[in-house]
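Those sequence lines, one after another, are chains P and R.
As numbered in my numbering, residues 1 to 664 make up the first sequence, in order.
As numbered in my numbering, residues 1 to 365 make up the second sequence, in order.
Think of the hints as simulated: they come from the structure by calculation, not from any bench.
Being a predicted model, the structure only gives us computed values, none of them experimental.
All C-beta atoms in this analysis are idealised placements derived from N, C-alpha and C, irrespective of residue type, glycine included.
Incorrect hints may appear among the rest.
Derived lysine-lysine pairs resembling DSBU-like cross-links, with alpha carbons at most 30 Å apart [stated by the list, open to error]:
hint	chain 1	residue 1	chain 2	residue 2
1	R	Lys-187	P	Lys-133
2	R	Lys-331	R	Lys-310
3	R	Lys-297	R	Lys-92
4	R	Lys-331	R	Lys-308
5	P	Lys-133	R	Lys-92
6	R	Lys-318	R	Lys-308
7	P	Lys-133	R	Lys-229
8	R	Lys-187	R	Lys-351
9	R	Lys-297	R	Lys-318
10	R	Lys-187	R	Lys-268
11	R	Lys-121	R	Lys-36
12	R	Lys-150	R	Lys-187
13	P	Lys-133	R	Lys-36
14	R	Lys-269	R	Lys-363
15	P	Lys-133	R	Lys-65
Derived CB-CB ranges, DEER-like [unchecked claim]:
hint	chain 1	residue 1	chain 2	residue 2	range
16	R	Lys-92	P	Thr-232	12 to 22 Å
17	R	Ile-252	P	Gly-339	16 to 26 Å
18	R	Ala-352	P	Gln-194	27 to 37 Å
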Amino acid sequence: MDGILAGLAWLGTSTYWIAFFAAVFMAAAAGLVPGLSATLLMALAVPFIVFNIQDPVIGIVMLATITAVEEILDVLPIVALGYPGVGQVTFLEARPLVARGYAARTLGFIYVVALCGGLIGALVLLLIIPIIKPFILQFSFAEIGAIGIFGVAMVGALSRGAMIKGVASGVFGMLISTVGLSVFTGEARYTFGQLEFQEGLPLIATVVGLFALPEMADLLMTRQTVSSADATFGTREVFKGARIALKYWRLIIRHSLLGVFLGAIPGIGARVVSWLSYGIGISLTKNRRQFGRGSYRGLVFSEAVQSSKEGGHAIPTLALGVPAGQAWVFVVVAMIAYGVSPGPQFLSQHTDIVVLIVVSLVLGNAMLATIGMLWSGRLARMSRLPYPMLCAVIVPLAILSAFQETRHWTAVPIVLGFAGLGFVMKYFRWPRPPLVLGFILGKIVEQNMLTAISLYGVAGVLERPLTIGLIIGAIAIAVFLTRIGNAAMPLPASDAGDAERRLPWRWQDDNYVALFFILVGAFFIIGASHFRLAARTFPMALGILLVLLSFLQLVRNGWQRGEADVLDIGMMSKGMATTRQTAPIILGLVALFLVVAAAIGLQYGAIAFAAATPIALGAGKRPWLSGLVTGAIMAALVVGLFDEMLNVIWPDPLVLSWMEGSLF
Amino acid sequence: MKGTRLVLWAAMAVLTGIGLCPSVRAADIDPATYFKGKTITLVVDFKPGGGTDVQARYFAAHFGKFIPGDPRIVVTNLFPIPAGHNFVWNAKPDGLSISFLAAADVGTELIDPTAQFQSNKFEYIGAHTARDLILYVRDTVPYASLHDSKGGKVPISIALPISRPEDLSGIGLATALLSLWFDAPLKITPIAQTGSSDTLLMLERGDINGWVGGAQWYVLPKLRPGWLKSGYLKPIADMGNPDTEPHANAEISLPIPNAITWLNDDQKKIWRALVISQVLTGKALATSPNTPPAVVKILRDAYGAAFKDKDFAAGVEKIQQEPVDLIPGDKLQQMVETSLAEFKEQLPAYKALQKQIFERYVKGL
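Using the sequences and the hints given, assemble the complete structure.
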């Protein structure tokens, strides 16, 4: 009781409030600036806080607050700028709502859901932290691997209407997750001799390429804005969204609890929780056709867990000293630097810190959600800006963010390569969500399952009840989803007629994707044949599966007519007259970016792209002036964010390297 | 048009002139002003987070004031290992790129094909921690020391990320080599790269019963209070540099002698060359090869002055949670030279031992 009172007593001090507001301000900055993640922000903040704030209570609480509330505001770029970043699940549902003119309403909805998720996460943290240890100890590699397999089963939920395409995409995602050093044999798999690929394909570069750039290119080709012309903005509209959110309170509680559960398991990874929650949510919903078309339920599935998982992450961090999320590592570092031991004794010896963290999470969530709601009415108007102007800054910023993740030039071809694949998949209605899910889960499944087998043996793994339960659950869900997926998708009447008339097999254009998958699968199979057993099994099995599924799709597709209703955002620009005019310009701008980046430097390529896009696409009344503005914004970001704050070392431009190599 | 061409030629001539000039002329260096207004980049071989990165950021904030001219210092992360080290190796020899090393892994270039550098050619600024390497086991393991475990029935099960199975290095090599010589019942479980907190969780769950820790010797009483004192976890081999004995931590002093005392003369030579070379020091700073001696001297003097400053040293101890063990740059340079020469000499023995280690401990994984 004394500890609780001591914690609450801090609320009466100005020191606490100054630290709290500083933490919330930093969290807001990290949420709003693409490229500035919580991890990076914490890396910058920890030495400053630990050496300038002497009181451990304030220092630790401040860091925990930054970490826990950072993600609340990061929906703004998704909704107002049409930039999905790594929040693809939210984007899938928010994008159609914004296109219908509900940007402000969507933001209001999301803030309330995120706020509730954050509050539930903080509350559960307080309630279960004293009793959590036995639960966490139950989750070893086998169980985490099994959760990964359970997640893979969710591919079925994301493959509505195109089960084979969806599963093939998921398998493709898992297959490319095997790129990198095998942790079991040390063999470099599919790295082409590049040191930078040894850690695998970078998540941000891959996902931004696959999702963000195709969406932006599509929107550019429509020559429209993110929001429709009849969109309504203003605070009233935001609060309308908030009221709608409250109607989903049961779902919010359910998925917030799921977020805490998933967040509390070290090794699951923050990126996967939204997808798992989305998959589970879809599985438990009767009307599955609503998803991917602007479903509020879908937004709840995504956002409630995103926010509540932070409370989950805090549980093993404080109770065991095991950080469950990347940014929480810094909280442990700070605790040790302050001489505060995480672990069971932490709860009894430092109840004041636990209480103050919980209170700060509640207040931080509430404050950021309030700020978001009060400003969103205005900020949502950005969705009416001419898209070439937005795109001029966001596209190069996305590429530089991807580069910043790896600090190597290989990020650029990865982003652009996956952008090409993403665009083709989007165009030909191959669902991309299963690919992303497979990519995130592939490593979790392979590494944890093989570690479990090496620790306990195959028989030992099969004797673990929780593991078996999760795997059986995964199989049952996969079968269930396949059945309902097929049942829910009867062929359109005309197609059914075609099928009855047994039309001859005909080549379909979307078979190019299947053909590409077959080639990739074959490449991985051939490559895997040289690896040792532990490194070979996973890519070999997945490669074979990918080839079979893609071949099946290719054959089956010849008899199908019409477009399937897949869970992904389709081509908005398909068939539009503007597409033919804009597509070559976009390609030209990408070429300009590449040429300038190779000739004088990546950062200058980004600035050139930003300056040239509005001019080339005729944005605004004075495109030249628009180009100057966007170019200046990009230059400011390059200098202020990447050079000064993140201290990025830019890759040597090819021409300069060549000149140095040949002349001097 | 003619004017433009003239400007272009002039620009080319100036650029060529700049390029042909050595980037730093030794004669031009004024220690008081050389670093003024410049930016030093501290390169860390790891992603942001973790001990080395946070410590480098502490240096970035506080080390500059000890260098004449108070240059700005920034941290950048280049990974995976040895990308950062390669970068500093290839950087201009002007003292503005400094590798912030977790450990001076001498000899990496002899076994890692991705290493572009020669460790003895770097200009070392100094090291400020010893590199401890201690094998711990759970209380369920009945051996008092690794040396006593000969022919034992209870396996000592440790988890290791294995990047080159036929070329174990660092922790893996040290443990496997001793186990091979002592016929110890070692069992290696390959795992993905994990932090020490995950490994402690594995120990607690009973997934493994052994653990090789570095700087954690000092942090352990904070991460898991009582584990060492109660004997829940006991150190059974000190595999660190015998020239820098670990200090007592908050719970116990190391109850066993350094592993080198268990070895015969031949084994000692091999051990020094192959293992001690990789644990010569803990955190160390090195700049690019061929940096002018005057610039290196400025940095070494600043490093020495920084650790004489009580507040700076206390800050380093606070962030790294282990005592400062200072090795001046010139001494470290000699240590690296000697160590690399020893490693080269023992390379045939290294290859033969790696084969035996692979056959016995790694092949069946």
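*Structure-inconsistent hints, enumerated in ascending order*: 5, 13, 15 and 16
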